[in-house]
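Keeping their order, the protein sequence lines are chains P and S. The numbering used here puts the last residue of the first sequence at 883; the count rises by one with no breaks. The numbering used here puts the last residue of the second sequence at 1071; the count rises by one with no breaks.
Honestly, the hints are just simulated from the structure, not real lab data. Some hints could be false.
Listed next, the in silico SDA-like pairs over lysine to any residue satisfying Cα-Cα at most 25 Å (straight line) [claimed, not checked]:
| no. | chain 1 | residue 1 | chain 2 | residue 2 |
| --- | --- | --- | --- | --- |
| 1 | S | 82 | P | 803 |
| 2 | P | 795 | S | 520 |
| 3 | P | 723 | S | 88 |
| 4 | P | 744 | S | 925 |
| 5 | S | 90 | P | 853 |
| 6 | P | 774 | S | 81 |
| 7 | S | 82 | P | 873 |
| 8 | S | 539 | S | 568 |
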Amino acid sequence: MLRSAHFLKIFILTFSLMLSWGGSSLIAQDAAAGQKVFRSYCAACHKIDRAMTGPQLGGINEKYAGDEEWLYSWIRNAPELINAGDPKAVALFEEWGTMMQANPTMTDADIDNVLAYIQQEWVASQTATADGGATGAGGGDQANPLDQPQFYYALFALVAVLLLITLLLLVITATLVSAVRAKEEQEPLRLSEIQKRTWSLLKNRFVITAISLIVLVGGLTKWVEWSRGISIHQGYMPEQPIKYSHKLHAGEYGIECEYCHSGVTKSKNAWIPSTNVCMNCHKLIQEGPKYGKEEIQKIYDAIGFDPAKGQYIEGYEQKAVEWVRIHNLPDHAYFNHAQHVVVGGLECQTCHGEVQEMEVVYQYSTLSMGWCINCHREEKVKTLGKENPEGLTVEDMGGLDCARCHY
Amino acid sequence: MNTPKYWRGIEELEQKPEFLATVKDEFPTDIPMDQQLSEVTEEKLGFKANRRDFLKLMGFGLTAATLSACVETPKKFAIPYVEKPDDIIPGVANYYATSTLEGISVIAKCREGRPIKLEGNPDSPVTQGGMDAIGQASILNLYDIDRYQAPMSGSTTAEWDAVDSEIAAKLKEIKNSGGKVRILSRSLLSPSLRSAAASFLAGFADAKHVTYDPISYSAIAEANEKSFGKKVIPSYHINKAKVLVGVGCDFLGTWLEPTSQSSQYAEMRDPAHSQMSRHYQIESMLSTTGSNADMRFPVKPSDTGKALISLYNAVARQLGKPTLPGGSFSLTMGGESMIANDLVKAQGASLVLCGINDPACQTITNGINDILGNMGKTIDLNTPVYYKQGSDSDMMELVGELNSVDALFFLDANPVYDTPFAGAFESAIKGMKLSVSLATKPDETSALCAYVAPDHNFLESWGDVMAVEGIYSVVQPTINPIYNTRQAGDSLLKWSGASTKFADLLKSNWQALHGQQADGSSFQEFWDKVLRKGIAMAKKAQPPVEGEETAPAAAATMDSAALSAAASQAQQTSASGYELVLYEKVGIRDGRYAGNPWLQELPDPITRTTWDNYITVPFQYAKENGVKQEDVLKLSVGGQEIEGAAVILPGQAMGTFGLALGYGRKNGGRTTKHVETIDAYPLLEMRDGNVAYSRAGVTVDKTGRTYPLACVQTFHTLFDPTKKTPRKPEGSIDNYFDRTEEIISEVESFEEYKKHPEAVNGHAGTALNKKHHLITLWESHYRDKAADRYIRWAMAIDLNKCTGCGACVVSCHAENNVSVVGKEEVRKRREMHWIRIDRYYSGAPENPNVVFQPMMCQHCDNAPCETVCPVLATIHSQEGLNQMAYNRCVGTRYCANNCPYKVRRFNWYNYVNGDDFQNVNPAHETNPLGRFVLNPDVTVRFRGVMEKCSFCVQRLQEGKLKAKIRAGSSLNPDGSAVKPEDGSIKTACQQSCPTGAIVFGDLNDPNSEVHKLYKENDRLYHVIEEVKTLPSVAYMTKIRNRTADQIKQIEERTEEVMFENEWLG
């Protein structure tokens, strides 16, 4: 709740700010489209609110107001400007030490959009900071109570209180019984008698049957539950050869999943990216924020790259990185990523969880057949991205047929 | 006694009780529990099992199993490329155009850099996208674990450099002494390889390239030289022949290039056209071609030449031309005048093909074609074909001078096995200064050679093919070389001292072809196009541009002197005693691929026997001499003796026996060791300078022994032969019926059919409107109206087009990872083919009518298998598929018992790790290379589960997905389902069929081809429709083209034989 309120606030602020700018050309631009462009072209090296490999992008619109033409050609082909000896470009190059790659395929509209997106995000982050972090502590409000230690303290206390009450009642009963016996001048209550009575109660056939039944049924239920979990590896989180962080790349830097897992729209496999894909960025980014050079060096060892010289080693015997496979479907099940992502329009997160928040990736879903079937029963088929008017589910289209996945 | 009208073996005709007892059950062998638990076994094992021991063992077993299951789940790895090649998309297939060694242009499907399936190239003007069984199986030769892995020097592996320098040194020595250098090869279809060989030989004073073919076609070229002055094998236009006569020529199965010939043949055999060709066949063995003929005349090999003279004279008489001397021989039923009548009516549109390797016979054939005016019309001497370039006289010359040859190179040649000169070569190679084999795989010849410079497999090679004059097809690598081999062209260039690579030579050779293209493209553009399309045409082969003048083909004139000489020679042929026909089988052919398990397990289309060679015996002989199937016969001819099991072959000419070539390899790889059988090559003899494929003066004795054969002909009976249902008496309206007539539907007269197409069967038009039972338990099995907007898969098979060639069987094998099980298992009716081609005979066994019927899962809407599965492992899909979920199957085998079509196959063993299957199943775990051929989209089935045809569901899923990805959705904006385009999805059997007999598609799409057939085709029927299974596979009635007179004669003879043998009640 708090989070959505926060978003609402940002939205209203942004909107009013934009309105107040009135004639600004930025309004006509599509910030949403800009986000896509940002992620595919810029996010690997730039952040909006702070500097990374490249300078901070927030405030770029103000900085280059009136000099848009230069900005556009810089974005499109920085190396050319630098080589041509443009003073502004050379100054930037000297300041940052790296050369921004050329993006000749970016259209003017793309640049308009991405600038609009940067502006929108920048304004939003400024507002949030201005708000004084009041909303900052709002996270985690929807956490599962079972995960909270307080829950277990409370439970323990409750059990203790109940035990105390039981003991108290026993004492009271014993006192009362003793009192009654004393009144009727009978034998006083002794510990041995209590023991004897308890024993005879336990030897009662009905009690024995009841207890055995409870144990048997309970045990069986537990056993069935447990055996159904055999070969389900939900939560499987093996150690990987490179301490690659999805949280950093996909979360903080906002790189699209598809940038690396590019098979997801074409093939049954999403693909683990080949090492040359890593090198697209890591040819320049040679140091990470957490592990420094150590982990990135493993990429260089695989592909044969000398970071000091900044070039590939000739005749290097390349070694593939042996990632540990997390999501293992059995051989007799056919699964196709393209089918689900392109045709079904599913988000990666639906099955893989919020990978952009995982420092180490683990298996989020059960990947059991029941889990597949449930989704096929409930998921409405989309017609070109929209829900179909008849409300057809995957099941209605034959999505439960055995031979859709098993052949 | 009553017999069915159609029968598959003599057993079914005779209906002996002992045979009937064996066909009663779906599974013939009981599980040998009694044997396992008997006291005999206990004695053998040396201990007596008691209850306590049993419990102890059980307890131990259970504990051991539990403990061993307690290990950690093994880690699996996902290893990406370091640098991913741009054009490889893991999980998505790439396709490359290339060509097989037989010259068939193909498309190779590659997954992650390894070819897994070959399909015919639809752009090829020669084969039109068809494939034959050996072409389909040739992909397995790439993954043959027995291949040479490195060059050999003697019997040890060596380095290329060492081998090259040693060979170069010896060549230099030979060159200086002016020694003889010879290259011996089979027909090389690659012009570039021929030029590489020529440039290699050019460096020597006495050098020659000798070409031979194990099955020689030398006589055709020789006869054409004598008759027309052109030493070529011409193009035959079977698709222009209204009357077709085959003489000892299996042009649909083995002769010349059967794929293109089959597709041409099918063009003329479509009953939908106004005219259908009439096909006569004169032959000794029953071949696939003969079994497709309208009229067939069994003739002894020694009479073939005389029959040709008679035919010539009959034609000449009608045309008023001079006749040839002789011609007293007459075919049965006055065959020659019957044929001559039709031939004369179709002058210029008829064709006589002769497959006898005898120049005299070929010359007379030329004579017949010449007086009929067929030259230049159905026979094109100006467009020769190069499938077979071997010359018997060249070969004889080489054999004569063998001992004086200094260096002999075997380029795709194995004369020690596949010629009659094994002994000569064997002794000569040993004494030769230099003998080099360029084989890909050890063979009988390479084992003797001093050096082996192993060639790439064709799928690893660069190359080109010109099989038909002017039509080129490219060979490009589809995989990196698996072993340390080198292309033959490169080896030759290297030894000739040239620095060019063969691939560059190839490109420069194609520069010339580029010059003939009229599209003005650069060479690179042309080359790119060629690599993509696989085909290029020389100018003269391209369709003529309108307005451009084309020179009329010069009419060849027949040399009449040659004709009369041939006639007198053919007339002289006389033979005493029995004769032996040495023939090729559709799967094994000349034995080059005998090590290919797919081909070994492919049942012969006619005898339906796998894995073995055997002696075919005419029905009449067997009856008179009491020879039974599998009796071992001793056959002596010219001092040579062989022993082999008998197979009774209806339709084999009286007085002849048949024996196949291509078997009995001594060094053909591990697969050939599985069954050791007869090698017939030593029986070949030279007759008048040509290899003769028949022997006379044969004596045959019974040995009293038997030899087991794996013959599948009477397995999987669709009708119950024990029921003895009488054939429907004339005019009866009782519900008497012969179940076999519900399986096979045929009409003997094309004319009758054209007059009354509706009378073919009562099924016309009903296929689309399946009627339900009035009462049923299984509503959901029927067509669901709500599902009409989605796909409903269906198939239609034209019995008129199916020639029985078996390409579909091997194609299915490759596509669906079907296990090879070996001879012993086949004998137990456990072969695993998902599609089989049932061959039915009818009529008199001495010369029966034959119908081929491909049979696979019929995907019944009311499937009997589905109702009996206790675990719902086989259920119906929304798209009409009868699905088989292997992981659910517990192996009760109820479904197979209940299947009326007998198409379900049970995995009795784990064929990928059983010791018995090590040498037969290429997917065996001990064979790291053979497994590469597996289709990664199809599960490899485990022991204890049932399997069957899935309509290639992996292809259906892939095709649907492609359409959906293109549309970006599974529903169109109007709410209709996104469907793949009709014809974009082909099942494996359909795709490889050279005649296009199989049509597959969506029945719910009113514009689909299969829908149109189901709706309009009056030949359509379902097999055993009366059991109400509502199949999704329909068949189209076979229409023969016989005259009323021919039908009458055949019927009379049948009746006679039936009474003679007391087969009719």
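Hints, verified against the model:
1. S:82 to P:803: Holds, because 9 Å separates the two Cα atoms, which is no more than 25 Å.
2. P:795 to S:520: violated (43 Å)
3. P:723 to S:88: holds (23 Å)
4. P:744 to S:925: Outside the cut-off at roughly 34 Å; violated.
5. S:90 to P:853: violated (38 Å)
6. P:774 to S:81: holds (21 Å)
7. S:82 to P:873: Judged against 25 Å, a Cα distance of about 34 Å means the pair is violated.
8. S:539 to S:568: violated (44 Å)
In summary, the numbered hints that this structure violates are 2, 4, 5, 7, 8.
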